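Model the full assembly from the supplied sequences, consistent with the hints where possible.
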Amino acid sequence: MTDQAETAPLELLVFSDNAAVRQQVIDGVGRRPAKGLPLVSWTEAATAEGVRLAIKDREKEGLVPFAALVLDGETKKLGGMGLAHELFTELDRRPPVVLLTARPQDDWLAAWSKAEVVVPRPLDPLSLQEGVAKALRARRGSVTPAG
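For what it's worth, the working numbering labels the leading residue of the sequence shown as 14, then goes sequentially.
Simulated from the structure, these hints should not be mistaken for laboratory data.
It cannot be assumed that every hint is accurate.
To be verified - Within a straight-line C-alpha distance of at most 27 Å, the following computed DSSO-like cross-link-like pairs (lysine-lysine) qualify:
(1) K127 with K69
(2) K48 with K69
(3) K90 with K69
(4) K127 with K73
(5) K48 with K90
(6) K48 with K89
Unchecked claim - Here are the simulated distance ranges between beta carbons:
(7) A59 with P22: 29 to 37 Å
(8) E74 with D137: 30 to 38 Å
(9) L91 with T20: 29 to 37 Å
(10) D105 with E62: 13 to 21 Å
(11) E103 with E74: 29 to 37 Å
Fair warning: this is a prediction, and the values are worked out from it, not measured in the lab.
Virtual Cβ for every residue (Gly too), placed ideally from N, Cα, C.
Set out below in structure tokens:
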């Protein structure tokens, strides 16, 4: 008999103020980020406050915040980089972060934000899948370029 925890979907959160970017991430990662990983279930957030509330709601229910966060570094106001850094300093156990950046040269900003994985634009499904899989397997605090 299969253990329930092994078959439970991975709960992921995608944050962007652009609905098209959120959908591109969800479609790009697909049902499963990599062979051997469980299926995924998504929560979407369009604001930094929406991310904070989603994490708090899960904590109130006694659940782990999320298996990973996919944050858009190009979101206006408090973008993914600032939010990742904020969550790193505020949460006891921040989930691993996949940071979507405008260009590969933004890796140093991702390091400041404490993101585990960086996926530069243009976003493509293979990079997104690899990025999410790496984040789920990453050592906390290490930055790994996707692809």
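| Within 13 to 21 Å or not, the Cβ separation of D105 and E62? | With a Cβ separation near 20 Å, D105 and E62 satisfy 13 to 21 Å, so the hint holds.
| message | Next pair to validate is K48 with K69; report whether the Cα-Cα distance is within 27 Å. | response | violated, 30 Å
| 27 Å Cα cutoff - pair K90, K69 | holds, 21 Å
| Keeping to a limit of 27 Å between CA atoms, is the pair of K48 and K89 held or broken? | violated, 34 Å
| request: Take a quick look at whether K127 and K69 sit within 27 Å of each other, Cα to Cα. | output: holds, 20 Å
| task | Please test the hint of 29 to 37 Å on the beta carbon pair from L91 and T20. | result | Holds, since L91 and T20 (Cβ atoms, about 36 Å apart) stay within the stated range.
| Taking 30 to 38 Å as the hint, is the beta-carbon distance of E74 and D137 inside that range? | This hint holds: roughly 34 Å between Cβ atoms.
| message | Next pair to validate is K48 with K90; report whether the Cα-Cα distance is within 27 Å. | response | violated, 36 Å
| query | Is it true that the C-beta distance of E103 to E74 lies inside 29 to 37 Å, as the hint says? | reply | This hint is violated: roughly 19 Å between Cβ atoms.
| message | For K127 and K73, compute the direct alpha-carbon distance and say whether it is at most 27 Å. | response | holds, 25 Å
| message | Against the range 29 to 37 Å, how does the distance between the Cβ atoms of A59 and P22 compare: consistent or not? | response | Violated, since A59 and P22 (Cβ atoms, about 22 Å apart) do not stay within the stated range.
Violation of the numbered hints given earlier is confined to hints 2, 5, 6, 7 and 11; the remaining hints are satisfied by the structure.
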